[in-house]
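**Student:** Here are the chains, one letter per residue:
2 protein chains.
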Amino acid sequence: MPPNTPPRVAFQGEPGAFSHSAARKLLGESIKLHPRPTFKEVFEALDKAEAEYAVIPMENTLHGSVHENYDNLLDYNFVIAGETSIRISHQLIALPGVSLRQIRRALSHPVALNQCKKFFERHRRIQPAPYYDTAGSVKALAENQFRDTAAIASRIAAETYGGVILKENIEDIRENFTRFFLLTKQKRLLRPAQGEPKTSIVFSTVNRSGALFRALACFSLRDLNLTKIESRPLRGKPWEYFFYVDFLGSAEDEIVRNALTNLKECTEFLKLLGSYYPTP
Amino acid sequence: MPPNTPPRVAFQGEPGAFSHSAARKLLGESIKLHPRPTFKEVFEALDKAEAEYAVIPMENTLHGSVHENYDNLLDYNFVIAGETSIRISHQLIALPGVSLRQIRRALSHPVALNQCKKFFERHRRIQPAPYYDTAGSVKALAENQFRDTAAIASRIAAETYGGVILKENIEDIRENFTRFFLLTKQKRLLRPAQGEPKTSIVFSTVNRSGALFRALACFSLRDLNLTKIESRPLRGKPWEYFFYVDFLGSAEDEIVRNALTNLKECTEFLKLLGSYYPTP
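Just so you know, the sequences run in chain order D and H. Going letter by letter, the first sequence gives residues 1 to 280 in my numbering. Going letter by letter, the second sequence gives residues 1 to 280 in my numbering.
In isolation and in its complexed conformation, chain D is listed as follows (with noise of 0.2 Å):
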């Protein structure tokens, strides 16, 4: 890749979604977009080299985790470059000379119009309008020159589609964070890395009950902390589970290392997904 080219980022949905937001946090402004949509068809862009790095949501503080893309992060064999969080606050969005009194319905995805309730019960002359997703809504706006309608959407959608944000952070819940993984292909360095590194794991056990005990006593004997722990069952195959564990520590230091190969020991399936730096 040239110096200066952008690097090449594909994410699932439309330009201006949360994801977005996450990949500008994470490899800053200059990014060339390739959204996609599906997470399918972003891990595929990533195989083909049709970008460099993949951004996506692995959980959310209010619905949990995303299994299909841990069920994807198995199944393609990329490195966890970089991990951040984003707080999803919805922004009210027009075009720009409308004003709130012109308003009538707002568009977005069900969920975000579910999560601005409190905004719908003050404005009552506003009608909530379920669309695809939260930045096409204003996309929608801008390619019908709509002036009775909003959009709920990120700010970022807002600047994407030359929107204007008439009511900020209209959202009834403020704690409410999706967490996003940065993909590659090969590894590689990002920026100068701060902070202390991340390690997360899947692995697998037959017999639950002794088993995970043992699989943790990995860690705790070495004082390893966990930030994660969570069991998805194995459907068709009752008492088989994966676990998806996340520890502070880097799969380059020694210690992590040993804890990962005394893992190996009393596991059925362990795969590391990578070691990383958070984005704060």
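Hint data in this document are derived by calculation from the structure and do not stem from the laboratory. Treat the hints loosely; a few may be bogus.
Since the list can't tell identical chains apart, any single copy or any two copies may satisfy a pair.
Each computed DMTMM-like pair below joins lysine to aspartate or glutamate, with the alpha-carbon atoms no more than 20 Å apart [what the hints assert, rightly or not]:
hint : residue 1 : residue 2
1    : K40       : E121
2    : K185      : E175
3    : K271      : E143
4    : K117      : D71
5    : K117      : E196
6    : K271      : E41
7    : K187      : E168
8    : K117      : E68
9    : K40       : E68
10   : K48       : E254
11   : K187      : E68
12   : K264      : D148
13   : K32       : D47
14   : K118      : E175
15   : K40       : E29
Fit chain H to the supplied structure of chain D, relying on the hints for placement.
**Tutor:** Okay, now just chain H, sitting in the frame of chain D:
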């Protein structure tokens, strides 16, 4: 409650929602539905005795745990009286007398539309049209007497609104299950207890690494089998977590009582959510 009065059941969504299917599976055909727009209102309905039961989704195999409902379980002191899983299967539904070739668009929640991508690829003349929820889209057909429009929803939604299923099971992914809890205000035995009971708890620890290991020792030392473990970071409190744990056994068993007493010693906070018999 007089003996032949059907039990009143609160759930989120419209009649015909997947929660309605779960309620019927748990309580039988003869139930009085108390649909509510939000989960919070479902919990309120049970609290105010507007219903004897509430049926709430706790986790989905694709989308993870519904943290909002774990929070609600912490906020209210209800009892888990039962548990079941429902396969999320989508039907193409139209008004009676309408044939597939008349259909030009299909209404549903965007999440359901996204789960039927292959159907739309095979039927290019049918446009997906986002709507608030799946069951509500069938209701909209009936209310508007649409003859060029279908809806994508559950079997029970077709039945509820007198729709006809034009195409069965049009979802792309068959391995999509949602797990529901049946909640009551006071402990009540549903029906003759069958199979092996399960117990659900929530606890928190401060120092993660050693504390979780010690907490799990309370189970593994007694050969109690975990069926779920999940950490959830407490926002604004770094290194503090909630853990959701399910295990086999009833809180009425002595061994489980001992495990919970032991667990109390090594946790900051512990709440027993309930012991219940799963409905297969």
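**Student:** Each hint needs a verdict: does it hold in this structure or not?
**Tutor:** Cross-check of the supplied hints:
1. When the C-alpha separation of K40 and E121 is checked against a cutoff of 20 Å, the pair qualifies only between copies, where the shortest distance is 16 Å, while the shortest distance within a copy is 38 Å.
2. Taking the closest pair of Cα atoms, K185 and E175 never come within 20 Å of each other, the shortest separation being 33 Å inside a single copy and 28 Å across copies.
3. Proximity of K271 and E143 under a CA criterion of 20 Å is satisfied in neither setting, with 45 Å inside one chain copy and 52 Å between copies.
4. For the homomeric pair K117 and D71, the shortest alpha-carbon distance between copies (19 Å) is at most 20 Å, but the shortest distance inside one copy (33 Å) is not.
5. For the homomeric pair K117 and E196, neither the shortest alpha-carbon distance inside one copy (39 Å) nor that between copies (41 Å) is at most 20 Å.
6. Within a single copy, K271 and E41 get their C-alpha atoms no closer than 22 Å, and across copies no closer than 42 Å, so neither meets the 20 Å cut-off.
7. Proximity of K187 to E168 under the C-alpha cut-off of 20 Å is found in neither arrangement, the shortest distances being 39 Å within a copy and 45 Å between copies.
8. For a Cα distance limit of 20 Å, the shortest separation of K117 from E68 across copies, 16 Å, qualifies, whereas the shortest one inside one copy, 28 Å, does not.
9. Taking the shortest alpha-carbon separations for K40 and E68, only the intra-copy value of 9 Å comes in at or below 20 Å, while the best inter-copy value is 27 Å.
10. For the homomeric pair K48 and E254, neither the shortest alpha-carbon distance inside one copy (34 Å) nor that between copies (58 Å) is at most 20 Å.
11. Within a single copy, K187 and E68 get their C-alpha atoms no closer than 23 Å, and across copies no closer than 36 Å, so neither meets the 20 Å cut-off.
12. Taking the shortest Cα distances, K264 and D148 never come within 20 Å of each other, neither inside one copy (60 Å) nor across copies (57 Å).
13. With identical chains, the CA atoms of K32 and D47 are at most 20 Å apart within one copy only, with a shortest distance of 17 Å there and 52 Å across copies.
14. Taking identical chains as interchangeable, the C-alpha atoms of K118 and E175 lie at most 20 Å apart only when both belong to the same chain, with a minimum of 16 Å there against 35 Å between chains.
15. Taking the shortest alpha-carbon separations for K40 and E29, neither the intra-copy value of 25 Å nor the inter-copy value of 40 Å comes in at or below 20 Å.
Violated hints, in rising order: 2, 3, 5, 6, 7, 10, 11, 12, 15; the structure is consistent with all others.
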